[in-house]
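A.B. asks: Two chains, two frames, a set of hints: combine them into the complex.
Protein chains in written order, with this note's numbering: chain A, 588 to 811; chain B, 56 to 426.
Treat the hints as calculated values from the structure; they're not laboratory data.
Computed beta-carbon distance windows for the label pairs: (1) A/Trp621 with B/Gly120: 27 to 33 angstroms; (2) B/Pro162 with A/Thr703: 24 to 30 angstroms; (3) A/Gly745 with B/Ser145: 38 to 44 angstroms; (4) B/Ala215 with A/Leu666: 54 to 60 angstroms; (5) B/Ala215 with A/Phe747: 50 to 56 angstroms; (6) A/Ile632 with B/Asp222: 52 to 58 angstroms; (7) A/Thr703 with B/Gly176: 28 to 34 angstroms; (8) A/Lys630 with B/Ala358: 55 to 61 angstroms; (9) A/Leu666 with B/Arg181: 54 to 60 angstroms; (10) A/Ser657 with B/Asp119: 55 to 61 angstroms.
According to the in silico footprint, chain B covers these stretches of chain A (three or more CB under 8 angstroms from chain B): (11) 700 to 711; (12) 723 to 730.
These numbers were taken from a predicted model, which means no experiment stands behind them.
By construction, the Cβ of each residue, glycine as well, lies at the ideal position given by its N, Cα and C atoms.
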Amino acid sequence: MIDPAMAETVWLTVRLAAITTVALLVLGTPLAWWLARTDAWYKEIVGALVALPIVLPPTVLGFYLLIAMSPTSPLTQMLGGRSLAFSFEGLVVGSVIYSLPFVVNPIRNAFEAIGTRPLEVAATLRASPFDTFFSVAVPLASPGFLTGAVLGFAHTIGEFGVVLMIGGSIPGETKVLSIAIFDYVETLQWDKAHLLSGGMLVFSFVVIFLMMLIEKRLGGRLAR
Amino acid sequence: MITARFAAALGSFRLDAAFEIPGSGVTALFGPSGCGKTTVLRCMAGLARLADGHLAINGDVWQDGRTFLAPHRRPIGYVFQEASLFPHMSVRDNLLYGFKRAKAVRPAVGFDDVVDLLGIGRLFDRPPTLLSGGERQRVAIGRALLSQPRLLLMDEPLSALDRFSKDDILPYLERLHGALSIPVVYVSHDIAEVERLADTLVLMKEGTVQAAGPLRDVLADPALPLARMPQAATVFEARVEAVDAAYGLTEVSVPGGRLLVPGDLGARGTARRVRVLASDVSLGRQAPVDTTILNALPAVILAGEPTSDHQMTVFLALGTDGQGARLLARISRKSWDALGFAPGDAVVARVKGMALTDQSAQKVAPVHGEA
Chain A
588 MIDPAMAETV WLTVRLAAIT TVALLVLGTP LAWWLARTDA WYKEIVGALV
638 ALPIVLPPTV LGFYLLIAMS PTSPLTQMLG GRSLAFSFEG LVVGSVIYSL
688 PFVVNPIRNA FEAIGTRPLE VAATLRASPF DTFFSVAVPL ASPGFLTGAV
738 LGFAHTIGEF GVVLMIGGSI PGETKVLSIA IFDYVETLQW DKAHLLSGGM
788 LVFSFVVIFL MMLIEKRLGG RLAR
Chain B
56 MITARFAAAL GSFRLDAAFE IPGSGVTALF GPSGCGKTTV LRCMAGLARL
106 ADGHLAINGD VWQDGRTFLA PHRRPIGYVF QEASLFPHMS VRDNLLYGFK
156 RAKAVRPAVG FDDVVDLLGI GRLFDRPPTL LSGGERQRVA IGRALLSQPR
206 LLLMDEPLSA LDRFSKDDIL PYLERLHGAL SIPVVYVSHD IAEVERLADT
256 LVLMKEGTVQ AAGPLRDVLA DPALPLARMP QAATVFEARV EAVDAAYGLT
306 EVSVPGGRLL VPGDLGARGT ARRVRVLASD VSLGRQAPVD TTILNALPAV
356 ILAGEPTSDH QMTVFLALGT DGQGARLLAR ISRKSWDALG FAPGDAVVAR
406 VKGMALTDQS AQKVAPVHGE A
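Only chain B is shown next, with the shape it has when bound in the complex (with noise of 0.2 angstroms):
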């Protein structure tokens, strides 16, 4: 358990974020620009000493009062948003740099397991100049791995990088996420990299926290700005059940229903994160027939708020009895009035499409049967 609680005035800018994530898995500090999170990463590697601050890490406490645990005693990694490599020192030196320093009798993260999970092996005897924006973050990645760290912190590690450089690395992040048991706390503003990466989602804004919990709770919290923006989605922790490689389909299971999704996702028992955007989903009264759309859940309505003067985003619960995982739709106000739809309804979602968020190779896959 990570608790963190940083008060302070900057300027005009009040900072007063408090919250509690578990200490594992991947935790996104997420809010627009300017709104306190890196202030907040900051403040936890103690690279920033606000005077009113708590973090205990596991039960150790780093800061509290008058105790502060200056950074180089802090067992943290902490990837900047540029890659920031000494350049004095080749790709090597740069990644034994921490390990080194680390002093571990039995290092944790093995030197050869970090290289090998992020492909850096053929990069060692060059000079970080030569190396492109891609392979300097991973590098960057590494050296703060191979710190020995308890805990690693990410400040938008990809938001320095194009388009192409981002795609490159997030596979890498990914794997980093099932081969560590490093609890990672990853500043964003990009909330389809949350979606991808995220089990527990902490949102800010103006220095403050609005909300934090798991992350497919906080994206489908009605409460919440997240279901309202243009590309909300929900996210869905899915078992694989059955693949048909005759149709090359797989059929995975969420809370509430099934799913069927292209391509052979694995043994059955595997657990993948599919992301279905709210504007790929459509409502009816009743199952479809002769359509091309493969996926049709039964899911009952839980409200159903106006997001634009002609625009409906529906909060749904999967399953005939609600019972299911949470599931948003986007419709028109004329469907919503058309069809007279009341919370309480017992309607069918049609799932147009789905991403799985924890495979690159996959990128947004269609589900017309046509596909």
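Same shape as in the complex, but just chain A (with noise of 0.2 angstroms):
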């Protein structure tokens, strides 16, 4: 019933929403522990360019990144002219930014809730910054990364418009799931439509009601 063709774009998507997370996660953690403790005054400007891609349309994002994606465009000329439009390696980078807010957003909201004290508390204690960032404020903020990597990685499994716009459906190097179903459709294959949209309807369901559960269990031990 799973053809190889089938199961390329699943490890296909599976690659890309795992490299987007692991990404986001290198990325977004110094962003989001900047936005969570700076004064700075264009901090909420900031916050707001990292939130735009829930707003945004995917596919006016896409537009854009196709735009800096181009032959001639800045970025192609800094990578050497190679364009990175309809490249696996561009997927990369659009998911990056399509998921951004919702790995960002849930890791600086737990930064946010540990308040000052306990890294004064480490300060007093002979911790360096770096040491306390990571002795203290990492583990506390344990369930913010949870949060931040399942919805980054869901989100990314699910991307659609921005892929349609840069990646297009190409085999083995654009061709992902939601790619794959909408052709299925179109070209009236609708067992397997049915076999990967209902995959990914248990595969939601599983991954959230694991976070929460997750969830729960940390945010009980972390209580005060």
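C.D. replies: Set out below in structure tokens:
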């Protein structure tokens, strides 16, 4: 029932979501920390830019990304003339921007919820700011990291509009799940569309359900 | 010696506090809420930075001009109002957090010593959420001590606790006082706590320091508001002279006199702190006869001033020559006038009750003969 093309699509989608999630945790954590701690006047401007993909139509984001990835754009020049459009790397870049708020905002909220006290306590116990970040801030914000990672991963799995604009439907390169479902429906392969859609339904439920369970446990442990 | 000066305008509040305190013993920063004591303590820790500040601890400059040592580079221990234990660590890991980072080759404050002193051994594997308020604060104090501080800063460590937990923790603080040589700066707005724990008192008001000096001097200084408080008291450093086991009394000497205190206070020569409320002292011209009051001390009136319309606060010096320790008495204005007291008069001060401040087992004890 699951043919190699379908398996390839699923694997590609999972790979894209995993790489995007890791990239977002690496890039998003310092950004979230900065947003949670800074007093800079432009803090909320940056915050709004980060949150923009929540409200921006994916096709609009995809359109601007496509422009940025055009063969003559400065970005493409910087990359030595190789356009990111219609490539897996391009999808990763697009997904990182598209899923940014879903990772950064929960982590930022978790950092803000810690308050300054535990950080001050750590400082009076000889911990450097770097040490404090990893030994106190990150563990205390762990529910936020979990939520961010799960939302970022799930959100990327379901990506459609942005991929359509900058990725197209190249098997093994840019043909992700939602694109495949769309193609199957277009070509009247209902059974395959059913299989993938049903799989996504179950996957989404399990993810959300597990996340709520784990959050409850973590929250209980960290409650004062 | 610790010298500190912090000045800044913080909104509408102006802080300009400067004081010099001994580099050992417990110093209380005392004053009403909002007088800036916590800000001063945070400045000492480096948690707050005022541009105009100076801090030197026994010769080491931590802040001066552009010099500013970051808090994690200062060898301090800090106990906050709320215990603020790390919720993601067990009690043991909380205790070890600063201990490991202090990287002392030969720790001056041993792990087991602190655990014994504070009685927290049986709490080791519990998460902080399962501790009582008093237990949590004891762990917080232990955690601060184990970071091998050369200065211990405590910001009203008892104020977030109920009466019961407070009584539970005060004895530990007193033991600390005896067992450690680390100087302690202790912020409080509770004078009873200060009288129990402090050696030196820094009196603050509206961002400035009104007075700084040995506790007993500041408490009984006619120029300061402490002697006029309703619960004004005198604190003596007393020395055990003899124990009368048959009557369950101990005779202690204070500068300028001797007192009988209930209970066995230890071997001859033991130093104890005795606190006498001004309202527990009455005055007479002659030594009392036919009375149940055991303690009657000759003293000389230094000054008397009205505390309210009908009440006087009398400043006394113990001894027939008036060379001994200060003592405060709270008497009615009617008695003052009726007996015709005046500064310079020799009187007999009768002490109705007193409290040992350095032993939790003994609360306020009446010293009436029939007690």
